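Asks: Listed below are the residues making up each chain.
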Amino acid sequence: MFDVVVLFFALGVFARLVKSDLRLPEALYETLTIYLLLAIGLKGGLELSRQPLMDLLPQVLAVVTLGALVPLVVAPLLRLAGLSPVDAAGLSAHYGSVSVVTFAVALTAVQRAGLPHEAHAPLWVAVMEAPGLVVGIVLARLALKRADAKQGRIRWDLLAHEVLLGKSVLLLMGGLLIGAVAGDAGVAPIKAVFIDPFKGVLALFLLELGLVAGGQLGALKRHGLKLVLVGCSLPPVLALAGASTGHLLGLQAGGVALLATLAASASYIAAPAALRVAVPQANTGLAIACALGVTFPFNLLVGIPLYLHLAPHFAR
Amino acid sequence: MFDVVVLFFALGVFARLVKSDLRLPEALYETLTIYLLLAIGLKGGLELSRQPLMDLLPQVLAVVTLGALVPLVVAPLLRLAGLSPVDAAGLSAHYGSVSVVTFAVALTAVQRAGLPHEAHAPLWVAVMEAPGLVVGIVLARLALKRADAKQGRIRWDLLAHEVLLGKSVLLLMGGLLIGAVAGDAGVAPIKAVFIDPFKGVLALFLLELGLVAGGQLGALKRHGLKLVLVGCSLPPVLALAGASTGHLLGLQAGGVALLATLAASASYIAAPAALRVAVPQANTGLAIACALGVTFPFNLLVGIPLYLHLAPHFAR
Amino acid sequence: MFDVVVLFFALGVFARLVKSDLRLPEALYETLTIYLLLAIGLKGGLELSRQPLMDLLPQVLAVVTLGALVPLVVAPLLRLAGLSPVDAAGLSAHYGSVSVVTFAVALTAVQRAGLPHEAHAPLWVAVMEAPGLVVGIVLARLALKRADAKQGRIRWDLLAHEVLLGKSVLLLMGGLLIGAVAGDAGVAPIKAVFIDPFKGVLALFLLELGLVAGGQLGALKRHGLKLVLVGCSLPPVLALAGASTGHLLGLQAGGVALLATLAASASYIAAPAALRVAVPQANTGLAIACALGVTFPFNLLVGIPLYLHLAPHFAR
Amino acid sequence: MNKHPKTKLTLVAEAALEPRLLAELRRHQAHAWTISEVRGAFPEGDRDGDWEADRTIEVKVICDTAVADAIAQAVLSKYAPHYSVVLYFSDVTVLRAERY
Amino acid sequence: MNKHPKTKLTLVAEAALEPRLLAELRRHQAHAWTISEVRGAFPEGDRDGDWEADRTIEVKVICDTAVADAIAQAVLSKYAPHYSVVLYFSDVTVLRAERY
Amino acid sequence: MNKHPKTKLTLVAEAALEPRLLAELRRHQAHAWTISEVRGAFPEGDRDGDWEADRTIEVKVICDTAVADAIAQAVLSKYAPHYSVVLYFSDVTVLRAERY
Ligand SMILES: Nc1ncnc2c1ncn2[C@@H]1O[C@H](COP(=O)(O)O)[C@@H](O)[C@H]1O
Ligand SMILES: Nc1ncnc2c1ncn2[C@@H]1O[C@H](COP(=O)(O)O)[C@@H](O)[C@H]1O
Ligand SMILES: Nc1ncnc2c1ncn2[C@@H]1O[C@H](COP(=O)(O)O)[C@@H](O)[C@H]1O
Ligand code: NA
Ligand code: NA
Ligand code: NA
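So the protein lines, in turn, are chains A, B, C, D, E and F.
Under the numbering used here, think of the first position of the first sequence as 1, with each following residue one higher.
Under the numbering used here, think of the first position of the second sequence as 1001, with each following residue one higher.
Under the numbering used here, think of the first position of the third sequence as 2001, with each following residue one higher.
Under the numbering used here, think of the first position of the fourth sequence as 3001, with each following residue one higher.
Under the numbering used here, think of the first position of the fifth sequence as 4001, with each following residue one higher.
Under the numbering used here, think of the first position of the sixth sequence as 5001, with each following residue one higher.
Isolated chain A (complex conformation) (with noise of 0.2 Å):
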């Protein structure tokens, strides 16, 4: 049976495809976006303060080589599905970060199965969000060289300042931190409004979501069924590729799945920005309906499910 938090996303793509008036204020869209990101910081900071930090290097470096391999990889089968190098490489950084909201679903999925994880799985979200992202603007800007010899240079210090201190990562950051130092005693007084509500809030956050992959489909027609084919099975193959990290991680069966979610899942908020500022030439637009009107909604129907059932046979 789905998630309950499913339908909600369900109940927002009908409500925009028969074009009904219902809009979540932006306000509230904020606000849920700044919660989610500090909550899942704080339930991975609490995990951090449990244990020693050094034993967690190896796993870093292994998720940021992970994130970091990605766009190589999407980038030339996206060649192959027809995109222009340009956009080849701009959807790639979608692929290569991470998206913040699949990783809130499957890590209820994970507590629901009953599934044994490394707690603190969102220190993985935070330093995965950028090194796929780099990489795929990398490729983007060798493409356009290639193309037209006086293209300026880019501004990495603006890029990485953009990518490292935005919203995401410095929320994400700052409540693994403040989870950490405060520890489970200094947390509980605010445990009725950071835990607690949790998968309510991760609710109507996918009633938003499901309004704007239900607007997707104006793209999605006019780029072909293409598109479609290609959101569907880029995530299976890269979550396989997570799940193996996983496995040689040695992680446990919920820790492969959350893997595995991360690796399949693109980045639909983040990457788009940063690629607006660094590679304007890339469509955007092409790169949102992908990732937020198709990969999304199939990690989150299909994929999210077949991770956790795969999950125990790569686990230790």
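Bear in mind the hints are in silico, worked out from the structure with no lab data behind them.
Just so you know, these numbers come straight off a predicted model, no measurement behind them.
Check before you lean on any hint, since a few could be wrong.
Stated by the list, open to error - Cut-off 25 Å, straight-line C-alpha distance, at most; resulting in silico cross-link-like pairs (SDA-like, lysine to any residue):
| hint | chain 1 | residue 1 | chain 2 | residue 2 |
| --- | --- | --- | --- | --- |
| 1 | B | K1167 | D | I3035 |
| 2 | C | K2167 | B | D1021 |
| 3 | F | K5003 | E | T4065 |
| 4 | C | K2167 | C | A2068 |
| 5 | B | K1221 | C | H2161 |
| 6 | C | K2019 | F | I5035 |
| 7 | A | K19 | D | S3036 |
| 8 | A | K191 | B | A1188 |
| 9 | B | K1019 | C | A2160 |
| 10 | C | K2221 | F | L5022 |
| 11 | A | K226 | A | P236 |
| 12 | A | K167 | C | T2033 |
| 13 | F | K5078 | A | A160 |
| 14 | A | K19 | D | D3054 |
| 15 | A | K191 | B | G1186 |
| 16 | C | K2145 | E | Y4079 |
| 17 | C | K2019 | A | W156 |
| 18 | F | K5003 | E | Y4100 |
Unchecked claim - Partial list, computed: chain F residues near chain E (C-beta under 8 Å):
| hint | residue |
| --- | --- |
| 19 | M5001 |
| 20 | S5036 |
| 21 | S5090 |
| 22 | V5092 |
C-beta: ideal position from N, C-alpha, C; glycine also.
Here the structure of chain A is known, so what remains is to put chains B, C, D, E and F with the ligands in place on it, guided by the hints.
Replies: Chains B, C, D, E and F with the ligands alone, transformed into the frame defined by chain A:
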């Protein structure tokens, strides 16, 4: 003793009357609306999952008929009170529809009083929103036709879309379906957001409604005492019709009180919006002043306690 | 160890200093303000319902006097520090009033420390907001008169309206009354919104305040070290006055700490707004930099722990 | 840098009209516009509701004078009688004339 | 379709001034206006607070040139010395002249 | 009351450009401006995303014609090729010319 939520309403009215700068941000107001509709729907949906749907058909037909008949009775009464044909029909559409917040207050009152009730009552709200509204609009258009033969045709397709796929019916129905499909186990993890804080959120909403209702005083003065009399005398009459319908359906005491409240309540969100689209000649200012400035507080302070008190006499 | 809410403040300051794009939507900020004021009021009101109102009269008179005297002491000190007469008076108005958030942090600290305290303390907040503010404004107007004889008259009626019926006093007083009237039983059903999440909401609010305070660095630099010295040295002095008043009133240790905090805190929301209306010549930029950029973090990090530590020596 | 004269038509109206105003623009081949949420006031007329949901929008469209006139004419005859709507024209100059 | 020339006066000011600016408009018999919430920037002057509550509004009023001038004059003398306020005039044309 | 002619330059662009547009203004010594959050529409082009985060802003700056031209020129050449940006000029008159 008054329910605490009524005190929040009073605070809002007071703040507006003394011209305080207190305002709730529009995004908060929209968020509260979305929340209440979803939460009410979910509550009812949980109950729906427990009983055979077919048993509800007679109830649904009965409450739809009740809603549709209301404007046919109310419009002539309003003509007697001196309103123009179009304004009388327009205002009757508001009484034909329902006020979700009034229902929410009645629901918490019924629960507090421990009256046994049909837990699927939110279904009545969803199906009662449209019929009376549509009948009232037809009456208004007929009145216009009589006054001016070259009136344009009404776009029923647009209107049906506006009402049936509008935010309120969509969220109520969506909540009902999600609750019915997910059942108690599925809804449990989002209880901390959609069930437990319900009454507190209702209190905030009533603060906002108090602010708006307090601002209707100017309109009330302009339209004279007449409007106050109308707004206070219609609810008991309509409540009687609602209670009788409840009696015929063999409802429990709480169910009778809820149906009486629905009949007695007047829409001040969905109805004015639909009227602006379908019959812009009708005075929505007058209608809002009456529905929100008089009938809503009347039901809150006098009506609901009264209906609860008398409901057992009509109950099965 | 720091309270967890202080860590959220630090995160906000950090985000601003590194120029992150993190912003809380304005509607969220307004919602948090409304929530905190209502929740603090409700808490105090519950306590008010338990004791004879007349017993509180001496306390009310004493704290009003305390607030009114503050600017008379602070303004001359600020003149010594080199501020212009109008700016000194204007800033003294901020110290004469109170910071509700500082109070909220002190309240949770007192509860965490298990110090016995007068649970009706929110009443002090409500009655201390206006007196010092008004005295400070009078001082500023006198300073202007001295400099320029043809100054227009101040509209006291407008000002009284702005302050006494302004959002903060209205919500605090409204919450107090609702709490007092409804009592424990009446408030119970809205506990899940107004009581349990209090500290978590406070954490979010401090994140926002951190963002704003972090943005005051520019103003601080412009005004020089002087402002930092002023903002750090006034609070302990004023706290001593507050603690002594608490001693004279025979308060419990927690009550002494709370009253010390109130005296030591400076308003950075209500006071600047009132000053803009009543004395636009006073530099509100400077006042906000001092009150929010220096005194607020000082109280958070150093002041409140200190006042709690010393309070027992002043207690009954 | 070639500057071309165009007309900016501004419509201020109750938000309920939004879909129909935009349909009117499209009907006149004006496919680009800018909308802002505003707050309005008008001398007390026959529309006196001030309920929160009673929002006001401002639509600006830059186009040829003839198009602006045609849109204004259509809006005035269809909506002005029963709806709150105000419209005015301003002269502007644009750079890439082919875009309007 | 008769077009009539009017003046649009735009005031950009700190939000604290709103009630007083509107009172000024009413005093000059301008009973209709449009307000937007905006964000502003101005060369660093003696007002340097950038606290969230420090909002800026833009008020637009379409009226006869004489009225616009009188309002501008009043606002300039009463508020410009101590408040953040900017004002400018534009020429516009309207259709139903009797409404302004 | 002396009125001085100035030019108002209006830029409507995707919000991602905000920091860079403002930097452009500063580079041309225009240190005061007004920004509004708006919603936009434009004939379907090569940018077709309509994700919530895809906001649009409107920047208005009142300055001398030469400055407005220079800003427009710079924005057009640097950003128009790859970003959504529209710009137009209007004539306005101001009172305190020294402020612009
Ligand atoms: N003279 C005016 N100047 C500026 N805005 C106006 C003016 N008249 C009307 N408006 C705006 O247009 C909206 C509709 O006006 P009305 O059609 O008079 O109800 C009002 O809510 C105002 O926002
Ligand atoms: N030259 C300008 N162009 C556009 N807007 C301006 C200009 N100067 C000032 N403003 C706006 O007017 C507000 C008040 O300006 P000031 O009186 O200079 O503080 C500022 O916050 C800006 O939003
Ligand atoms: N003719 C127009 N009239 C008014 N606003 C326009 C017009 N064309 C474009 N815009 C606005 O400018 C933004 C950017 O336009 P574009 O560069 O065409 O993507 C759009 O989102 C609209 O808000
Ligand atoms: Na990924
Ligand atoms: Na009804
Ligand atoms: Na104080």
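Asks: Now look at each hint and say whether the structure bears it out.
Replies: Results for each hint:
Of the supplied pair hints, the one linking K1167/B and I3035/D holds, its CA atoms being roughly 22 Å apart against a limit of 25 Å. Taking the CA atoms of K2167/C and D1021/B, the gap is about 6 Å. The hint holds against a cut of 25 Å. Between K5003/F and T4065/E the alpha-carbon distance is near 12 Å, which keeps this suggested pair within the 25 Å criterion. Using a Cα cut-off of 25 Å, the hinted pair K2167/C and A2068/C holds, with the two alpha carbons roughly 21 Å apart.
For a cut-off of 25 Å, the pair hint linking K1221/B to H2161/C stands: about 24 Å separates their Cα positions. For the hint linking K2019/C to I5035/F, the alpha-carbon distance of about 20 Å falls within 25 Å, and the restraint holds. For the suggested pair K19/A and S3036/D, the alpha carbons sit about 22 Å apart, so the restraint of at most 25 Å is met. Using a Cα cut-off of 25 Å, the hinted pair K191/A and A1188/B holds, with the two alpha carbons roughly 17 Å apart.
Taken as a hint, the K1019/B and A2160/C pair is honoured in the structure, with Cα atoms around 12 Å apart against an allowance of 25 Å. Restraint check: the Cα-Cα separation between K2221/C and L5022/F comes to about 23 Å, which is no more than 25 Å; the hinted pair holds. For the hint pairing K226/A with P236/A, the CA-to-CA distance comes to about 17 Å; that is within 25 Å, so the pair holds. Between the alpha carbons of K167/A and T2033/C the distance comes to roughly 22 Å, so the proposed pair stays at or under 25 Å and holds.
For the suggested pair K5078/F and A160/A, the alpha carbons sit about 22 Å apart, so the restraint of at most 25 Å is met. About 21 Å separates the Cα atoms of K19/A and D3054/D, which keeps this hinted pair within 25 Å; it holds. Annotation: proposed proximity of K191/A to G1186/B holds, straight-line Cα distance about 22 Å (limit 25 Å). Restraint check: the Cα-Cα separation between K2145/C and Y4079/E comes to about 18 Å, which is no more than 25 Å; the hinted pair holds.
Straight-line distance between C-alpha atoms of K2019/C and W156/A comes to about 16 Å, which keeps the hinted pair within the 25 Å bound. Of the supplied pair hints, the one linking K5003/F and Y4100/E holds, its CA atoms being roughly 23 Å apart against a limit of 25 Å. For the restraint placing M5001/F at the interface with chain E, the shortest Cβ-Cβ distance is roughly 6 Å, inside the 8 Å limit, so the hint holds. Of the supplied interface hints, the one on S5036/F holds, with its beta-carbon coming within about 5 Å of a beta-carbon of chain E, less than 8 Å.
With its C-beta approaching chain E no nearer than about 6 Å, S5090/F sits inside the 8 Å limit, and its interface hint holds. Because the beta carbon of V5092/F sits about 4 Å from the nearest beta carbon in chain E, less than 8 Å, this interface hint is met.
Figure legend: structure checked against the earlier numbered hints; every hint is met.
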